[in-house]
Amino acid sequence: MGNDTLTRTENFRSWFMDKLLLGMSWPEYSRNLITPFNIAAMLILSIGIPVIALRFIHGLAAVTHASDEYPWGLILGWGLFGGVPLSATGFVMATAYYIFGFKRYKPLVRLGVLTGFMGYFFAVVYLLTDIGRPWRIYYPMIVGFGTASVLFLVAWHVATYLTVQFLEFSPAILEWLKSRRVRKWATMITIAMTIAGIILSTLHQSALGALFLLAPGKLHPLWYSSYIPVFFLSSSIYAALAMVIVVSTLAARFLRKATDDTFLGSLDKLTIGLGKGTCVGIYVYFALKVIGIAHDNNWALLGTPYGEWFLVEMLGFVLLPALVLTYGVKKESTGIVRFGAFYAVLGILVNRINVSIVAFNWNLPHHLSHIVPPWQEVVIVLTLVTIHILIFRWILNRMPVLREHPDYKESH
Amino acid sequence: MDKILKNSLGDEGTTEEPQNEKDNTRKISRRRFLGTVAAIGGISLIGSYKDASAYKEFTGWPNRYGCLTDLTECVGCRSCEEACNEANNLPKPDVPFDDKSVFNEKRRPTVQAYTVVNRYENPKDAGKPIYRKIQCNHCNEPACASACPIHAYTKTPEGAVLYDPEKCFGCRYCMIACPFYVPAYDYASPLEPKIVKCVLCYGRIKNGDMPACAEACPVGAITFGKRSDLIKLAREKIMKNPDRYIDHIYGEHEVGGTSWMYISGVPFEQLDFPANLPKKPLIEQTKGFLSAVPVVFTVWPALFGMIYAALRHREELEKEKNQK
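Residue numbers (our numbering), protein chains in the order written: chain A, 617 to 1028; chain B, 141 to 464.
None of these hints come from the bench; they were simulated from the model.
Mixed in with the good hints, there may be bad ones.
[To be verified] Simulated restraints on C-beta separations:
| hint | chain 1 | residue 1 | chain 2 | residue 2 | range |
| --- | --- | --- | --- | --- | --- |
| 1 | B | Met446 | A | Tyr754 | 31 to 37 Å |
| 2 | A | Pro990 | B | Tyr260 | 28 to 34 Å |
| 3 | A | Trp751 | B | Tyr260 | 43 to 49 Å |
| 4 | B | Lys268 | A | Leu984 | 50 to 56 Å |
[Said to hold, decoys possible] Here chain A is said to cover these stretches of chain B; the calculated rule only asks that three of the stretch's residues, wherever they fall, bring their Cβ under 8 Å from a Cβ of chain A:
| hint | segment |
| --- | --- |
| 5 | 294 to 303 |
| 6 | 325 to 336 |
Fair warning: this is a prediction, and the values are worked out from it, not measured in the lab.
Here a beta-carbon is modelled for each residue, glycine too, at the ideal position from N, C-alpha and C.
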């Protein structure tokens, strides 16, 4: 009896060390935690978590500049409108691999799915921080159906897609937990889940743009277009490809221990391939945007101050990254392609912030002084980004994402 | 129609005969049921087909009420603000209602006030400033209501647009959507924030009274009545005094029309009325997108499933080739 308990304790101890402490003992693991990055992260959290608490004690008024004219600020501009296109990685990589048969990209598929899942999860976290009564988040599913609302569609799709992505990623979790039988079930639904992912992503990526269709009087005509759902969808596809380059670059650089030779060995070649895809995606998007200006005959507006800012976005943050990427692909230089990918991701953020913050309410007096967020709002965003990275790293270190699990090689 | 009626009569006829046989009653009652259904269905089809239209349009509740503000009459006494405050049990303001210093800046409706009056210079007569009252315009097809994912807004047949805080989760998309910047939000409330806006004194108009502000106005600048009558009145006023008014009823067509309308002596954009709004209800802007949603749901699985199948097919062919 006593022996039994002892073995059980010992089993748990080794499970705990293996799964959670990366095979180290407590003292060893905690020593390893003291890194410059972790210290910086703890500093940010120690300031940021109290600021987030302030939002729930004194309301949004205490931590943001949100007002009756400016209901949405940086929390949603960054977290929802910026975060969701960069999280299209899951659907883009899964579609490329499972449906279109780009089999060579296998080492990056799980990374794409995890990036997507985490991105959506955190988009919801940003939303919960921002909305007035977050515990009512399920209301569009049960209490009232605003079927004429684009946001109703976004709510349903983000919730469903979060579930779909969890299922898509679940084989990695189950391999980590060594649950062979459940894993087999989880892999059987892959194709169905991938197609569900395409449907849901097509719709809610575009829906985030369509949200602004209701505000033709408020969004600047250069950004407002009946094509805005198409702009959002099309840019999310290249955003995803660029984001996979960004995340894999960071992982290869900072989490080398979590990778395997297959991942590291194929990464350069795959980066060039993804860069090529990003290029095509940006040129398609750029063409669509030009069609948008032509469709509404907005050429004359390009000479106005907002038009100049629009040109900065279109030339400096869309076309220029595309040219950098084209050059990198031609030269087969992973360094240039990676730089181009970071640049393209930045361009996406610039676009989404422009739509949701800079060009929104452009005709109100003193508009530009309203769009600068207070430090508290910036700290909230930084805090959530930090938590995002910490959880992401925790998973990458433990689960077979950047490497294949030895027991399941060649089994996808 | 005759045929259908006959059929159902015929069925009724047969029910009389074999009433004793248990087995048959079931059959017959089903037949009778089907006959009735066919008859009802047929009649309803025939009854409505003549006015069936391929173009469906909601032009608003027929007998809805509204208000007409005559901006040339308003003297800026703020009686409407005070009456509104009392009628709706709103918190007392820091600056009393007879204090004219509030006009030094442009105000907007807030969580404390459903309505505010602002002062503008009069380009025609500098000694007689123009006052503009702001409150919810109670659109015929409100953008706030079409924005709400939880259906917390209702456009009542009486014309008022009402909001239910019990449903709201505070996403504030209604504020983004409102073309008139009307809904206010309680940002200082950490746990129970809600939207605040004019309710067209819904309780009062249900009882046959007029909104408090309209009743309180000492110069009759606000007329309450059926929206259709108000448009006639506004047209008449403009026609009789073409020098006093510009030829524009603001709210007659803006974003599909509003229950609250305005006539003015100077162009409305000089008084900060949004001048860049479409004549169609704003929901029309999203209809095209939303109608594509079911198409994606039905076509995408087939399309991408086919692509998947095609690639698998090619893989198999290649495998066969390699085996040979």
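State the violated hints by number, sorted upward, taking the hints as numbered earlier in the document.
As far as the earlier hints go, 4, 5 are violated by this structure, in ascending order.
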